[in-house]
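J.: Top to bottom, those sequences are chains W and S.
According to this note's numbering, the first sequence is numbered sequentially starting from 1.
According to this note's numbering, the second sequence is numbered sequentially starting from 1001.
Heads up, a few of these hints could be off.
[Stated by the list, open to error] Reference listing, derived: stretches of chain S covered by chain W, where coverage requires no fewer than 3 residues with Cβ under 8 Å from a Cβ of chain W: (1) 1039-1051; (2) 1069-1081; (3) 1092-1102.
[Stated by the list, open to error] Here are the simulated distance ranges between beta carbons: (4) 1114(S) / 101(W): 28 to 38 Å; (5) 1022(S) / 68(W): 19 to 29 Å; (6) 1112(S) / 82(W): 40 to 50 Å; (7) 38(W) / 1042(S): 46 to 56 Å; (8) 63(W) / 1006(S): 14 to 24 Å.
If you're looking for bench data, these hints aren't it; they were derived computationally from the structure.
Cβ coordinates follow ideal geometry from the N, Cα and C atoms, glycine included.
Protein chains: 2
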Amino acid sequence: MSGAVNLAEKFALFSESWTPKIIGVVDDYHVKIARVEGEFVWHAHEDADELFLVVDGRLRLKFRDREDVLLGPGELYVVPKGIEHLPVGEPEAQILMLEKQGTVNTGTAGGERTVAEPEWI
Amino acid sequence: MSGAVNLAEKFALFSESWTPKIIGVVDDYHVKIARVEGEFVWHAHEDADELFLVVDGRLRLKFRDREDVLLGPGELYVVPKGIEHLPVGEPEAQILMLEKQGTVNTGTAGGERTVAEPEWI
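If we strip away everything but chain W, and leave its shape as in the complex, we get (with noise of 0.2 Å):
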């Protein structure tokens, strides 16, 4: 129906891992999507909570500090500001994400994973 943004319509739309894509925006927060396969890097964002929800597949979050969560679908994780963590595709998931706009995917490690600008699908 119009308007509607449906999950399984907008993974159809790619299929290249760790490039998100911004699919709606809520105030001053986007609301992402990615394909994950394996281990992305390890990084933090310095003033941005990270929300996690798996839609399919599954997810680990390592962190440094505490235990590593386990995602799978229907399950959601928020990482704090400031925690250096590695999202990892086991062996790989669909996520949706939530975070402030502008929020880099590779926080503050930067390197060749980084999409700077996430295009809207």
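Use these hints to put chain S onto chain W, whose structure you have.
T.: Chain S alone, transformed into the frame defined by chain W:
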């Protein structure tokens, strides 16, 4: 696994409709869930966008100024701030919402279904 928020487990903790529960915080925003059944009340949130994601069931969003939006599982819609809307469970739904902390469920409409301070579950 420790720390993960499982939506199905959270919905199993309550049965009443139209009483949002907080399940997470992202900066100044609350992640809430609610069961909905039939019509709520027409209302608007003057200064807050509101994200609706259907986890189970079917939710209709009626508007004064645009076509209805009908959401099933895995579908979302963001109601822009200031836009009057009427959420309707058809016949019922489990929904996840994201909105600025302090956003009241009935907006500026008030009334007996107002939950000024949702509980955490």
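J.: At least three residues with a C-beta closer than 8 Å to a C-beta of chain W: is that true for the stretch 1039-1051 of chain S?
T.: Since three or more residues must qualify, the claim that chain W covers the stretch 1039-1051 of chain S holds, with 4 doing so at under 8 Å.
J.: Falls inside 14 to 24 Å, the C-beta gap from residue 63(W) to residue 1006(S)?
T.: Taking Cβ atoms as reference, residue 63(W) and residue 1006(S) lie about 19 Å apart, which means the hint holds.
J.: Please test the hint of 19 to 29 Å on the beta carbon pair from residue 1022(S) and residue 68(W).
T.: Since the Cβ atoms of residue 1022(S) and residue 68(W) sit about 25 Å apart, the hinted range of 19 to 29 Å holds.
J.: So the hint says 40 to 50 Å: do the beta-carbon atoms of residue 1112(S) and residue 82(W) match that?
T.: Distance hint for residue 1112(S), residue 82(W) holds at roughly 42 Å.
J.: Please verify the coverage claim for the stretch 1092-1102 of chain S: does it have three or more residues whose C-beta sits within 8 Å of some C-beta in chain W?
T.: holds (count 3)
J.: Given the hint of 46 to 56 Å, check if residue 38(W) and residue 1042(S) actually sit that far apart at their C-beta atoms.
T.: 48 Å, holds
J.: If you count the residues of the stretch 1069-1081 of chain S with a beta-carbon closer than 8 Å to a beta-carbon of chain W, do you get 3 or more?
T.: Three-residue rule met by the stretch 1069-1081 of chain S, so holds; n is 9.
J.: Quick check: does the Cβ-Cβ distance between residue 1114(S) and residue 101(W) fall within 28 to 38 Å?
T.: 30 Å, holds
In this structure, every one of the numbered hints holds.
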